[in-house]
Structures are given as structure tokens and as C-alpha cells.
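Enquirer: If you want the building blocks of each chain, they are given just below.
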Amino acid sequence: MSGFVSSLDALPVLGILFQFVGYVVANSSFMSQTTVAVAVPIAFAALCGVMCERSGVVNIGLEGIMLTAAFVGWVVGAAAVGLLGAGTPFAIYGVTPPLMIGLVAAILAGMAVSLLHAWLAITLRVDQIISGTIINIGAVGITGYMYTLLAPQSPIGAGEFAAFVVPKQIEDLPLVGWLLNAVLGQGPIGMAMIVLVILLQIMLFRSRWGLRTRAVGEHPRAAETVGIDVIRLRYRNVVLSGALAALGGAWLTMEHGSSFGPSMTAGRGFIGLAAMIVGRWTPLGALGAALLFASATGFSTSLQISPPSGDLGHLMAYVPGEFWEALPYIITIVILAGLIGRSVAPAADGQPYERESAS
Amino acid sequence: MSGSQRRDSSPRSSGPNSFIRAIDLRPIAEPLFAILLALVVGAIGITLFSGLVPGHANFDIGLPIAAYSALIEGAAAYPNGWTSTLVYATPLILAGLGIALGFKAGLFNIGGRGQFLMGAVGSMAVATAIGPSAGPWITIPLALLVGGLFGAAAGFVPGFLKATSGAHEVVTTIMLNYIFVFATYWAISGPLKLPNAHQPITGDVSNLNASLPIVFGRDLNAGILLALVAVPIIWFLLYRTTLGFEIRAAGANPDAARYGGMRTNRLIVLTMSIAGFMSGLAGSTTLLGVVHQMAPGYDTTVGFDAITVALLGRSNPVGVLFAGVLLGAMRAGSQSMQIQAGVPAELVDALQAIILVFLVINVLRRWLRGRSAGPAAELSLGVETGHASEGAL
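Protein chains in written order, with this note's numbering: chain A, 1 to 359; chain B, 360 to 752.
Hints may contain errors.
[As the list claims (entries may be wrong)] Label-pair distances were calculated between CB atoms; the ranges are: (1) A/ARG236 x B/GLN558: 48 to 56 angstroms; (2) A/VAL319 x B/ASP658: 19 to 27 angstroms; (3) B/GLY620 x A/ARG208: 45 to 53 angstroms; (4) A/GLU218 x B/GLN558: 46 to 54 angstroms.
[To be verified] Listed next, the stretches of chain A that the computed footprint assigns to chain B, with coverage defined by at least 3 CB atoms under 8 angstroms from CB atoms of chain B: (5) 128–136; (6) 272–278; (7) 327–336.
Derived from the structure by calculation, the hints contain no laboratory data.
Glycine included, every Cβ here is placed at the ideal spot set by N, Cα and C.
In isolation and in its complexed conformation, chain B is listed as follows (with noise of 0.2 angstroms):
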């Protein structure tokens, strides 16, 4: 592993170590260099097949200008657009900054679904046992701790089955993923069923007490504070911490970490499961303060959503929030742009992939104009590959 060539290069260097320096232009030009790229594609193919948009002659340049604005608009009005954008970051900022905390310890934390599942699951388990008689100034705090609990055991068994047995996280987090799937949806028909309900499906949190309350507008939650606090306290954890420090050493060169005598072991374990806790608090927050109630087949795009989170956000806090934020205007916005232009919501997910794959590029031809020699693409992301090359794949 050449750690010590990347390092040289690498934006931690340039100064994370501050709050204001973290923020230097090169990995912010980077990403957006990324976005508008992706959104001149994304604006190609609408045109491409607008003639399948009722109402709209074939190549009709005039659709993606009327999509993007609907986006936008969608996303940014007074005062409904701006409060459904953090709404909708609410959860990709939590568990961004869990799949971050993972990237840099070398870590690639796949099971954000199952994590967020099992998150919103523990805190509907709180809520359903408490019931309506505790006052919610009982029930929601614990509902979001023990979802968070919840979404760590998810995570610490990846840790758990890495730090014993070798077992590479992105397979065993995949297919955790589904069994995690399919404990909810047995937990919604089972235990957590409403008693008298004639489909599976569970209480509604605001019947129990248990609702986040709405600190702004219409339709924001409380949640929003509690990613808003996340992200300092994960810098503070990463940057200020032994622990941060040692998690970003067994990042960069596990071999060195162990033989200077960190339990690199137990790092594995420690930061799964907290990435799992923060997947967890996503999954609590969603349950608690959107969608109150867990209907069959309920599901999550926010795992994958994260991981495009982390990876525009550089897995630095600072740029996860602004990253969470972004993604989470364009989920806003897709629906105001699929009901008044006309162009379908899916357009963003088309669009994440689209944006990865500038942004992976773009990394690398900056690297082709002549560094050091060694795997770059991963650098720049923030994305530590050290653990990745142990154990079976």
C-alpha cells in the first residue's frame, strides 16, 4: 500500500485538522464539476425521449428546462420547498456520516439499508411497548436511542464476522441487507402488528406519543437538529479523538496501525457498529418524524442514497452535510418535477450514477495529468481501501 504517497495528495493533509480549512476549494470544485456534468447528461437524455412525455413533441429542448426548474423550485421555494429538502437530508446526513466514518477506516459499509430498517424497527418496538401514556418527552428520546442501538447490533455484526473470521463486509453487509429486509417485514406482520388490524401494519407513532415534533413549517421535524449536531460530533470523533485518529491510521495502512500497536480488531468492530448507530438514528428519524408507520413492504433507498452521500461529501462531515443536503433537494424536488413537467422521479437516481461516475473519472484524469504512481482513485474520494484488500471477497 503506498500510504505514504496518497497522503501527500490527499485533502486530510491539506487540513481537515481545522473546521475552516477542512473547507478548501479543490474538493468542492470536484463534486459540483461532477453535478453539472451529470445534469447536462441527465438534461440530454429527457430530451432524448421527451416525446414519450404526454403532451411533448420528440426532442423538445424546452422538457429538461421545465424539468429542472420544477426541481428546483420543487426544492428551494418559500417555505414548503427548502423544509421537504432537509427533510428528505435528514436521514442521507446521518447515515452518510456513518458510511464516512467507514470509508475511512477502510471500511465499505454496503448495509445502510438493513441498518436504517433495523433503526426504525427498534424505535417502533419502543414505541408500541410504551404506548400512549408515557409523555413524549420519554418515549422519543429512548425511541431514538434503542433505534440506534438497533442499527448498531446491525452493524456490529459485519464488524463482528470481519474482525473474527475475515468475512469481507461488502458481502456479508449485502446480505445482511436482505435478512434485515425480511426480519421487518416478519416483525410488521408479528410483533409489532397493529392487534386489530386486518393487513400487517403497525401503529402510528403520533397515536403513541411518540412523533417528532415539527420545528419548522409545515413538515419539519426535529430530526434535522439531531443530523445538524451529528456532524460535529462525528468531525469532533475523527479529527479531535484517539479513536478518530486511530480509526484514519488503520484507514490508511492497517499494517502500520497493528504494529504500532492498535487493536485494529477491535477498530473494525467499534467503527461498524457506530456507523450502524448513525444508519439506526436514519432509520428512527424517518419512522419517528415522516412517515409515523410501517405499512408492508416497507423499504429504504437511503442505504444506497448514503454511500453516494459519503462519496460526493468526500467522507469528510462537513462535505457529507452539504452533500446530504444536495441529494436530498433533488429527492424533493423529483416529485414536484414529475407531477408539473412530467418527467419521472427516477431521474434522480439515474442521475447518482450518472454523478459517481464523473466523479470517479474526474479523479482520475486529474491524476493521469502526472502524479505519483498507485490506486488514486480512491484518494480523493476519502475512501480507504486498506482493510479492503484483506480477507475473502
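If we strip away everything but chain A, and leave its shape as in the complex, we get (with noise of 0.2 angstroms):
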């Protein structure tokens, strides 16, 4: 046995491979929790890109909603506070009222920054890049200018949202019990997200719904033909979209901390939408795909906090700290070049619908 083990020395790929799966079998409960965290915005971002393009439309704003809606999270809790006082938390997720103001104000925060993509976009049919893009820059220009006007006064938003507590008898299951800690041990919002992803995956492959969305993406002539309406259809899934992206802001400043900061979504709604592509346009695999980006982020914060030993210690030691940041764009740009299986969007992605003889 021990002649297997020191064998294994000399083969250092291999020695490395089994401490990598022994650092991450024994880090597992704190990486698994982060990894759950981290993927939540960025699930949301992916499924509102998924409804959008699914019925068409290319919607790069992801960036934009999320950070409006995380600001008007914020601010209306805040304002929300200032007029009904705090509250006391309820029980379960630790919800006061004007923690309800500040997620209803952020849902309808991000339907309204929607409506305006679905406006450029399906009505007057603007290039939907351009649309987004506006969108982008929007959003951080008045978010931004609003901040720098509230921060002196430093006001203080509605607090956070708090994560169940998984009961210890659940955590202490064998082989299954940091998952379902990890899964149940979340806020509202990030309980939410998983519940979504799940019912969004049935709706869009088997309901009439979905089969409608598909269709209207895929070839909305022919949609239109057995009497869909294509921009009406658009536009309530663009529009619901936001509601979608919206939770996903509203996670950073009323579940995962209780305050903004300008431009604070940094790059999260560009992940979602990479997790849309990884994840070949479903909801299930965005999630899939949010989790394996987040999961980056999940090892590289549990090397800083428990460093692993040994070769894998080393080896570690050599890979800057930026690469894990970069990991999710470069899977992205992997699977996009064809090299791991191809990503195909549906047929009419980006392209404006109109009416034939529109008189």
C-alpha cells in the first residue's frame, strides 16, 4: 500500500488531481454554500435572458435592470423605514414590511427598464444591441448621479432578508446534507431563484406558454400564421423578464448586504448573460452554468481563507488570484468557438418583427 502511495509521487499530475478532490471533499460545506450564493444574481440574470430570447429578443440591458432594481431596492426600503420604522422581523427570512416595499418597488423597477427595451426594441424595432447598450450606460448614470447625491446623508436601507436555518438533523445527513444545506440555507430571494428555474424549465417545454415563446423565437412568421401574436407575446415576456433580472439585483442589496454601491452589480448581468449561452438557452442549464461560474469564484475564496497543502499548494500558489475571475468569461469564449459542443441561439434572436402588409 504504501509502495501505491509513494508511486504516486512521481506521477504529480495524478498525486495533484487526488488532493484536489480531497481539498474539495473537505472544504465542500463552505465552498457549496458560497458557490449557491454567488450563482444566485447571476441565475437570474441568465433566466431573464432565457425568456427574453427565447421569444426573440437580445437582451444585453441584463446589466442595467439589475442594477436599477438594486438601487430602487434600496432606496424605497430606505424611504420605506423612514415611514413605517423598521419593524420587527418576521420568523422565517426575517421579512419586515418595508423590506416588501423595497423587493416590490425593485421587481417593478426592473418590468419598467424592460418595458423601455421592449419599447426600443419590438416596437421600433432599434437595434437591440444599441437598445441595451443604452440601457447600460443608463444605469449606471443615474443610479450613479442619485448615489452621490443620497450618500452624505448616508441613509440606511431596510436591512437584509435573513437565510433559513437548515435544522441540524438535515446538515447532518449523510453524503446529501451540505447540499441541502447549502440549497435551503438561503434567503427568500435565492429560494426563489431555485423554485423559478424549475418551474420556468416546465413552463417553456410543456405549456402552451412555452410552446407559443419557442415558437415566436424560432419563426415568428409562422407564429404569427396559426395566429399568435408575436409583439404582444414579446412584449409581456420581455416585460416579466425584468421582474426576473429585478430579483437578482434586489438579492445584492436585500439578501446578500443591505446597501448600494455605484456600479456594485460589476460584470454580474454579462455572467448571467454567458450562463444563458453555456447553458444552451434552458433554464436548467443556465443554473447549471451559474453554478460551475460560481463555483470559480467558490475554490478561489475557500484557497484564500484555508490554503491546501502540499503540490496542490504549490501549484496553487502560481495561478494569480485574477485567473479564477477570468474563468467564467473563458469558458464562455471556449464554448462559443465551437471547441466543447456548439451553443445554437433560437432562429430569430435579435431580429425585429413586423407585421406582413401592415396597413
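With the hints as a guide, dock the two chains, each given alone in a separate frame, to form the complex.
Expert: Now the structure itself:
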């Protein structure tokens, strides 16, 4: 046995691989919690993207929608605290009236920004990339402007939703305990993400709405021929999808933390876009990609907190921290380049629709 | 694609074949109208939240006037205002020309940010490698060239990916932006780090004999000359060379261009590389002429501002020059606006978005008044969407 183990040293790659697996298992509890948390806003952005692009509207304004919702949720929550007082947190998820008001405001704000995108992209048939770019620039400008004005008063937001405390019995279950702990031990927005992913996956592929949405995204002319109102369906999907990205934004200022910072989305909307592509425009795939991307963050955070020893530690010392941050984008480029399977967008994605002989 | 229908109403056919005739009234009037409208909306926005500005009452109508006059003073006062405007305009013009070139070819290059950063990294690498012993006459041209080439490499990648696998340049340039942002952070904390510094920071190019000379006033560096020279060069490239003709043809109708015997894949790679070169130069001139040194978190807004510049300038090199100066003026004036009137400088970003909204709507309203059918929103912006319909997005 000892001979076998020492021969592993002669194969450093294999040895490091074993160490890697050992390290991941040893730190799985911490890593899985970090990964699920990091994945929440990414998955929400990706869901928004899936819903838009499945119905044929490209949305690169995800980042702007999230940022706006994050800001509005925070500001309205703070205003509600001023009017109603902080309130006593409810036993489950620490819900207070100001938090709920802030959350609703964030969702409405996200839907309003999406409505702007829908109006520009669907009604006016403006280039959808330009429309998304406008939303991203505008969101940074307007939230930054308002934040700079409000910052000197340092308003205190409505606080944050509390995470669900997983019972010890569940956490201690063999094999799946850490996983259940990571999934269930979240706040309401994080939990809603998991529910919405499953719901959307079923809706998109098993419901009348889903069939129509996919038809409109693949071949709007044919969809119109069988009586589907393409424009209306696209409007409805784009505006509703804004609520999804908004939940991702609200998570930042109302569940993950309780304060706002300029440009605090920091590219999460764009990683969400990447997760949508890597997940092949399906809700479950998008969640998988979001978890994959987030696991890079989970792993690198874990490396900083408890650095591995031995060969793995030596190897990891050579990998700059920036690499882990860039990894989601590198994976996306590799997949887009067709090196690992192809990811194909809905056929009518990004193409404005015009009714035939509109009179 | 309704290329033939577009052509008759496009500003191109009304004569960018000559430098003078390119300046007809409509492409100037529409952006100016959009800007004026946006300023009005901005004034309403300032007034609505004036109560939050220290020393002002709610709904103070005087505040937008004070803000805009501070903005204009900061951007146009003699001499420090307008030199500051031109300093801000330099990278906007250079990068804007690159984005505009992409638009002409039907390519939407969102990668200005990454290409800009790679340009700055390339120049910093040259300045660090050569050191202060060589004269500025050697270091500066070499640093500019390498910066441009780094940017070109950053532009080459999405072009190559599009040509070989059809990966849409919008998505790849977004992803590459972040890859290059982190590559820049890594370069600042690794190979380019000042050896004995306590924090990740690069050397100062003015200590390395590599800072661009000041040509006027307090801060106007020689980069503006580069930008002013680049405008006619890109114009000549677009309207007087075979390559330029092919770029415009491929942008208007890629299928026709391909049937006409043009190698459109080669054109995509070339256009993206040239666009990257221009954004890289923007990064080089900013590093060598303005910031001189890269600190942790070094980043830029030029990449996205340049998209606004290219759209406002209708992808015409002369238009880009004016749009670049205009946006540069807004950036330059925003600082004094914040200091003197207390109105946050972020107003400029909000104004940019509002300007763009009015720009794209205005075009459409004109189209609704009765023109030929077809997706008309792009045409007057000079954005060709020929290639955009290809490849996965």
C-alpha cells in the first residue's frame, strides 16, 4: 500500500488531482454555500436572458436592469423605514414590511426598464444591441447620480432578509447534508431562484405559453400564421423577464447585503448572459452554468481562507487570483468558439418582427 | 436585407465621397436636436432632485442653469477648459473611429474597454522594458506602436472567432472585456509592478522618459495630434481604398459582397483588428499623456463612451471627430459642474443614454413619416447590420 502511495509522487499530476478532490471534499460545506450564493444573481440574470431570447429579443441590458432594481429596492426600503419604522422581523426569513415594499419596488423598477427595452426593440425596432447598451449606460449614470446625491446622508436601507436556518438533523445527513444545507440555507430570494428555475423549465417546454414563446423565437412568421400575436407575446415576456433580473439585483441590496454602491453589479449581468449561452438557452442549463461559474469563485475564496498544502498548494500559488475571476468568461469564449460542443441561439433571436403588409 | 432600399436614404449616398459634401445638414441637425432634448430632460431631472443638493430648495429651477453654465465654463473656458476638453476627446476620437469602422462593416464592437486596457498595458510594458536611459524619441513611438498592436490583438481575437466559428462579436467582445480587465489587474500586480512598491502599481512613464509632450497650455498632450491625423486617415481608408470599399460593401450586404468575390471572413478579421488598434492607441495616449501610471483597479469608460461617439457621429470619421469633442467637453465640464454647482458628474452618463434614446427615436419618427419599408433605425446611424444577422448571439 505504501508503495502505491509513494509511486503517486512520481506522477505529480495524478497526485495533485487526488489532493484536489480531497481538498474539495474537505471544504465542500463552505464551498457549496459560497457557490450557491454567488450563483443566485447570475442565475436570475440568465433566466431573464432565457425568457427574452427564447421569444426572439436579445437583451444585453441585464446588467442595467439589475443595477436599477438593486438601487430602487435599497432606496425605497430606506424610505419605507423612514415612514413606517423598521418593524419586527418575521420568524421566517426575517421579513419586515419595509423589506417587502423595497422588494416590490425593485421588481417594478426592473419591469419598467424592461418595458423601455421592449418598446425600443419591439415597437420601434431599434437595434437591440444599441437598446441594451443604452440601458446599461443609463443605469450606471442615473443610479450613480442619485447615489452621489444621497450618499452624504448615508441612508440606512431596510436591512436584509435572513437566511433559513437548516435544522441540524438535515445538515448532518450523510452524503447529501452539505448539499441540502447549501440549497435550503438561503434567504427567500435565493430560494425563489431555485423554484423559478424549475418552474420556468417546465413552463418553457411543457406549457402552451412555452410552446408559443419558442415558436415566436424560432419562426415568428409561422407563429403569426397560426394566430399567435407575436408583438404582444414578446412584450409580455420581455417585461415579465425584467422581474427576474430585478430579483437578482434585489438580492444584492436586500439579501446578500443591505447597502448600495455605484456599479455594484460588477459584471454579474454579463456573466448571466454567458450562463444563458453556456446553458443553451434553457433555465436548468443556465442554472448549471451559473453554478459552474460560481464554483470558480467558491474555490478561489476557499483557497484564500484555507490554503491547501503540499503539491496542490504549490501549484495554486502560481495561479493568480485574477485567473479565477476571468474563468467564467474564458469558459464562455471556449464554448462559443465551438471547441466543446455548439450552443445555438433561437433562430429569430435579435431580429425585429414586422407584421406582413401592416396597413 | 433591403440594402438597395437603404442606400437611397443613407447619408453615404448623399456624398461622403468628398470631405466637404459629407457635411450635409441632416446628419448634424439630428444629433444636435437629440442633444438639446437630452439637456432639457437632464435639466428636469436636476430640478426634480435639487432638494438633495446642499444649499438648494426643492424644485430649484436655478440649479440646472447653474449646473450647465458650470459645465460649459469647465469645458470651454480659456485656456484650461478647452484644453481639458481636447484631452478628454483624444481617446474618444481614436476609439470612436475604430467602433465606427466596425459599424460600417456591420460589426458591433463592444470590446473597446478591453482593447483600450490592452493598449495601455502594451505601452506600459514597452516603457518599463526600455527604461529611462533611452530618449523619448525612441520610447514614445515604440510604446504607441506596441500599444496599438496590443489593442489590435485584442480586436483580432473576436474577429477571428467570428470568421472561424461564427461566434457573435457582441458576446465575445463582452466576455473578452472582462478577461482583459483581469489580465490588466494581473499585469499591474505582476510583471509591470514597480519592484519595491508596497502595493500593486506600475512605474510612472514621466520617470521613464516616455510621457507624451505637452503641446499647449497646462495639460494638452500630443495625443490630440494623433487623433486629428487619424480622422483623415480612417476617412481615406473607408472612402478611397479598395479595403474601405469592401468593408462598406460587406457591411451593407455580406452576401452580395461574398458573391462579388470578396473574402468577407478576412474582412471581418481585418476590420476588428484595425478597430482594436484604434482603441489600443486610445489606451496608449491616455496612459502616456494623461494618467502616466497604472494603479490597482485601473479601468476606463472610454470603451462605452466611444460607442456613443460613433453613433452620434453616424459612423462618419468627421462626425466622430465632432462627437468626440462634444462628449469630451461633457466629461471635462462635468468635474467643474460637480465642484461648483454640486450636481454629480454622473449626470454625463445619464445624458449619454438619454441622447442615444432620442437619437434612435428621432430617426424612426422620420422613417414613420413615410419611407420605404425595412428596418430603418440603423441606417441613419451608419450602423450596418449585415453581419449581425449571422452567427449565434
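Enquirer: Which of the numbered hints are not met once you compare them with the structure shown?
Expert: Violated hints: none at all, because every hint is consistent with the structure.
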